[in-house]
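**Q** Take a look at the letters that make up each chain.
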Amino acid sequence: MNDLLNIEHLSTHFKTEEGTIKAVDDISLHVRKGETVCIVGESGCGKSITAMSIMGLIEGPAGKVAGGSIHFDGRDLTKLNRHELRHLRGNEIAMIFQEPMSSLNPVITIGEQIVEPLRVHLNLSRRDAHTRAIELIEQVGISRPEQIFRSYPHELSGGMLQRIMIAIAISCNPKLLIADEPTTALDVTIQAQILDLLRRFKEDSDMSILLITHDLGVVAEMADYVIVMYSGKIVEEGEVTQLFANPKHPYTQGLLRSKPVINQRQDELYSIPGQVPNPLELQPSCYFHDRCEHCMAVCRMEEPNLKKVGEQQKAACWLYEEAKVYA
Amino acid sequence: MSSIGREITAGGSARQERAKSSIWRQSMQRLLRNKLAVIGLVVVVIMFLACFIGPVFSPYASNKIHMNIMNRPPNMRHWLGTDGLGRDVLTRVLQAGRISLTVGLASMVLSVLIGSLLGVIAGYFKGIVDQVVMRIADLLLTIPGLPLLFIFGALLSEWKVPTEYRMYIVMVMLSLIGWPSLARLVRGQMLSLREREFMQAATVLGLSAKRKLFHHLLPNIVPLLIVIATLNIGGSILMESVLSFFGLGVMPPTATWGNMIDAANNMLDFQNRPWLWIPPGLSIFITVIAINIFGDGLRDVLDPKKKK
Amino acid sequence: MSTYISKRLIYMLVILLAASFLVFSLYALTPGDFISGNMKLSPERKAELREIYGLNKPLLERYLIWMKNALHGNFGYSLSQQTPVLTLFNQYIWNSFLLAVVSTFLTWVIAVIIGVIAAYKQYSWFDTLVMIGIFAAMSLPSFFIGLFLIKTLAVDLHWLPPGGMLTTGSSSTGLAYVKEVIQHMTLPVIVMTLLGLGSLTRYFRSNMIDVIKQDYIRTARAKGLSERKVLFTHALRNALLPAITLVGFELPALFGGSLIIEKIFNWPGIGQLYMQSFGLRDYPLLVGFTMLIAVLTVIGTLLSDILYHVADPRVKLQ
Numbered sequence: 001m002n003d004l005l006n007i008e009h010l011s012t013h014f015k016t017e018e019g020t021i022k023a024v025d026d027i028s029l030h031v032r033k034g035e036t037v038c039i040v041g042e043s044g045c046g047k048s049i050t051a052m053s054i055m056g057l058i059e060g061p062a063g064k065v066a067g068g069s070i071h072f073d074g075r076d077l078t079k080l081n082r083h084e085l086r087h088l089r090g091n092e093i094a095m096i097f098q099e100p101m102s103s104l105n106p107v108i109t110i111g112e113q114i115v116e117p118l119r120v121h122l123n124l125s126r127r128d129a130h131t132r133a134i135e136l137i138e139q140v141g142i143s144r145p146e147q148i149f150r151s152y153p154h155e156l157s158g159g160m161l162q163r164i165m166i167a168i169a170i171s172c173n174p175k176l177l178i179a180d181e182p183t184t185a186l187d188v189t190i191q192a193q194i195l196d197l198l199r200r201f202k203e204d205s206d207m208s209i210l211l212i213t214h215d216l217g218v219v220a221e222m223a224d225y226v227i228v229m230y231s232g233k234i235v236e237e238g239e240v241t242q243l244f245a246n247p248k249h250p251y252t253q254g255l256l257r258s259k260p261v262i263n264q265r266q267d268e269l270y271s272i273p274g275q276v277p278n279p280l281e282l283q284p285s286c287y288f289h290d291r292c293e294h295c296m297a298v299c300r301m302e303e304p305n306l307k308k309v310g311e312q313q314k315a316a317c318w319l320y321e322e323a324k325v326y327a
Numbered sequence: 001m002s003s004i005g006r007e008i009t010a011g012g013s014a015r016q017e018r019a020k021s022s023i024w025r026q027s028m029q030r031l032l033r034n035k036l037a038v039i040g041l042v043v044v045v046i047m048f049l050a051c052f053i054g055p056v057f058s059p060y061a062s063n064k065i066h067m068n069i070m071n072r073p074p075n076m077r078h079w080l081g082t083d084g085l086g087r088d089v090l091t092r093v094l095q096a097g098r099i100s101l102t103v104g105l106a107s108m109v110l111s112v113l114i115g116s117l118l119g120v121i122a123g124y125f126k127g128i129v130d131q132v133v134m135r136i137a138d139l140l141l142t143i144p145g146l147p148l149l150f151i152f153g154a155l156l157s158e159w160k161v162p163t164e165y166r167m168y169i170v171m172v173m174l175s176l177i178g179w180p181s182l183a184r185l186v187r188g189q190m191l192s193l194r195e196r197e198f199m200q201a202a203t204v205l206g207l208s209a210k211r212k213l214f215h216h217l218l219p220n221i222v223p224l225l226i227v228i229a230t231l232n233i234g235g236s237i238l239m240e241s242v243l244s245f246f247g248l249g250v251m252p253p254t255a256t257w258g259n260m261i262d263a264a265n266n267m268l269d270f271q272n273r274p275w276l277w278i279p280p281g282l283s284i285f286i287t288v289i290a291i292n293i294f295g296d297g298l299r300d301v302l303d304p305k306k307k308k
Numbered sequence: 001m002s003t004y005i006s007k008r009l010i011y012m013l014v015i016l017l018a019a020s021f022l023v024f025s026l027y028a029l030t031p032g033d034f035i036s037g038n039m040k041l042s043p044e045r046k047a048e049l050r051e052i053y054g055l056n057k058p059l060l061e062r063y064l065i066w067m068k069n070a071l072h073g074n075f076g077y078s079l080s081q082q083t084p085v086l087t088l089f090n091q092y093i094w095n096s097f098l099l100a101v102v103s104t105f106l107t108w109v110i111a112v113i114i115g116v117i118a119a120y121k122q123y124s125w126f127d128t129l130v131m132i133g134i135f136a137a138m139s140l141p142s143f144f145i146g147l148f149l150i151k152t153l154a155v156d157l158h159w160l161p162p163g164g165m166l167t168t169g170s171s172s173t174g175l176a177y178v179k180e181v182i183q184h185m186t187l188p189v190i191v192m193t194l195l196g197l198g199s200l201t202r203y204f205r206s207n208m209i210d211v212i213k214q215d216y217i218r219t220a221r222a223k224g225l226s227e228r229k230v231l232f233t234h235a236l237r238n239a240l241l242p243a244i245t246l247v248g249f250e251l252p253a254l255f256g257g258s259l260i261i262e263k264i265f266n267w268p269g270i271g272q273l274y275m276q277s278f279g280l281r282d283y284p285l286l287v288g289f290t291m292l293i294a295v296l297t298v299i300g301t302l303l304s305d306i307l308y309h310v311a312d313p314r315v316k317l318q
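Chains as they are written, first to last, in this note's numbering: chain Y, 1 to 327; chain A, 1 to 308; chain S, 1 to 318.
Treat the hints as calculated values from the structure; they're not laboratory data.
We put the CB at the ideal spot given by N, CA and C, even for glycine.
Below, in silico cross-link-like pairs of lysine-lysine (BS3-like), each with a Cα-Cα straight-line distance of 30 Å or less:
#, chain 1, residue 1, chain 2, residue 2
1, Y, K15, A, K35
2, S, K229, Y, K15
3, S, K57, A, K160
4, Y, K79, Y, K15
5, Y, K15, S, K213
6, S, K213, Y, K22
7, Y, K79, Y, K202
8, Y, K22, A, K35
9, Y, K22, Y, K308
10, S, K179, S, K151
11, Y, K175, S, K229
12, Y, K64, A, K35
If the Cβ cut is set under 8 Å, some of the chain A residues that face chain S in the computed set are:
#, residue
13, L146
14, A154
15, A264
A few chain S residues facing chain A, derived, Cβ under 8 Å:
#, residue
16, A19
17, Y27
18, V155
Assemble the whole structure, with the sequences as input and the hints as a guide.
**A** Here it is in structure tokens:
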């Protein structure tokens, strides 16, 4: 098996005063070496929680990985102790976040923040770490690295900060980079630059990327394989060209239809009717049923399983199940 | 423009009422879920009941002097012993509690009234009114409070204010010291509320100044005021006890917790008769801690900024 | 920056001027003066002395004279001790400072440590215990806890001396002297630390709770830093930042002594000096002390503002 990351039946739950929220509900996914996998979905669908579960950063005691396994490079991350996990984080698995403005510590210089993982994981001396940090700042395309090294986050723009976040992430040559909405908070022109940067590093180092986004444009740009999540579940997944050309699940179809296409003016942009269900009130059913134009009786009563629907494509939808007849 | 505004708010007011009551009910429910705060409240209530009703059931409430049972340590008949005049200490502690609690409560009401009124006025009207109020507040905050209280206390003694009235003057003194910081807080809150989007919306809708003030601004600072007021009672009780302990607050024969601890200034009583001064001290401590815990619970519930 | 500070300075001076007049008048209003309280003097002698001290002049004139002298750095003579007020302050203030600086230091160290741990373990039993402790410390009547500790630890158990700075009649020097002072200051320092601990611990706890939720803490964890480093480097630096403003507010407490504690523990500090002088109506000293605190308060507030602007890289002075 050449999977770098192999998640099986992962469930992550949060206990609240009103009840347990199954933020991630029994999902399985695989990331191969050098591959870019995108998780797509609306906010609250569990895509970020999936990332945090991999990192072991789910905040207890309310949140907990309730079941399943996360195998990374042969080790089950859910079984590692805190110490072992810490050595993986920032070293073999790195992560960048949505809000570069708030993701860097406002009272610590940029330089010091880049140096930290180098010192911790690579045991570099203070001077070597400094030299390496300067190199990294240059690599992510920022000029005057010495000056940037000494500045504080508030002195830099959002795009620059995200570059710094990338510099920190790649500093220890991770095998897997998790990018959680890395471009969402940025201007459109900057977005493209950041994506280019990510792609370049990936090609240079054979690193895998798990990219989390709600932006189908980013998916089309970056992904080898796409996973669509809805209400904590995977509803469809597949190789990117197949999935875009022939989406099977009504939710995926809706997502693709609601994306404006340049040069094709429509009178009204399509939007999926209805709202995401309240995670506390989920009953056994297809969670998309009350927004689905193809909703059948079975959809309200039973959960569909993820089934193969194409050569490299799976969907969890009763439309593609062998007719299971309900009167 | 303004007629549209009126329509909108008129239509909204019934809904607003409903929303308001449910917000208060929700807050109550959340408060009751906070075990510590509930315990605090219970203790405060018990303390109040004991002090205001307790002495009625005491056979020693008349405070008659009994020379034959002076300075007895705690025993079956006098649970906390008797003092130098043969009076029952427990009864006196409860009676003293009446005064201490009343002073604490009353000076809180006074300083919150003065402080919030001036704070609201300053924060709402800004300009010259704001300048005058805040400069006076600055001035009072610059001068240390305790010496100020000492001077007032000395004045009271000199003017031979009858002990019955001293209590009221002590309340006024405490609120005089207490209002500036309150006014500053309320003003700050008003200023920040003014800048918030919903106030700008109210202005766009063309609401009158009065309506903005009473329907939109004040309801928003009421929770804050309730919290401050609660926490302020504890502070007032502590301040009163300090003054009375130094003989500058309420004077004997009117007992307060503070002046009962004055017994500790007498070497013999201090060393050999701790039942004279420890119970009133513990009463202050227990009351204030209960009020503070309850007030903090209130803050968690009412102050949206503190929400977790 | 400089216009901001000069504006502030002018306002400070105005406030202090107003405060000095208010303080002076209030003390002048306080019944009784140093001379009438003295039984040994004949009426003629009293009148004579009043003349000498200028107590017969109208209030405004007295104030102006005082102010004129004060501007020349002369705060008058203590009537009871016949020593310049400033000389007396210099004698007593360092004793007060000793108590204050030790207890302030202890308060800060303990408050930071407990606050950080409680915030990290929010809602745990340790946190609940800390919260109760915080409320207890905030609800202690200072004089009562002082008396209580003297009674239990000093009078009953004889562990520590009950008051003063040295044992009466002691003439120890060198190390023995230091040891004696430390023994005598232990109780007042404990009480002062206890009294300050509540609000400060609470402050650090709630600051830390806010900081721990920030994105950059998640980033620090994602980088694989140890929890200790995340807490004490990344989080604490941010939580300490607003606390810098408190340093300025500690100023009056550091040099102004504590009226209650010094009185209870019979500590020869400036607060105790004030309490004694109050009974004697030694006005130059009383006015001097009150104005000292006022000046410290005003300077402390300015210091807080400046420190805040200096410390936070995000804030720029306008």
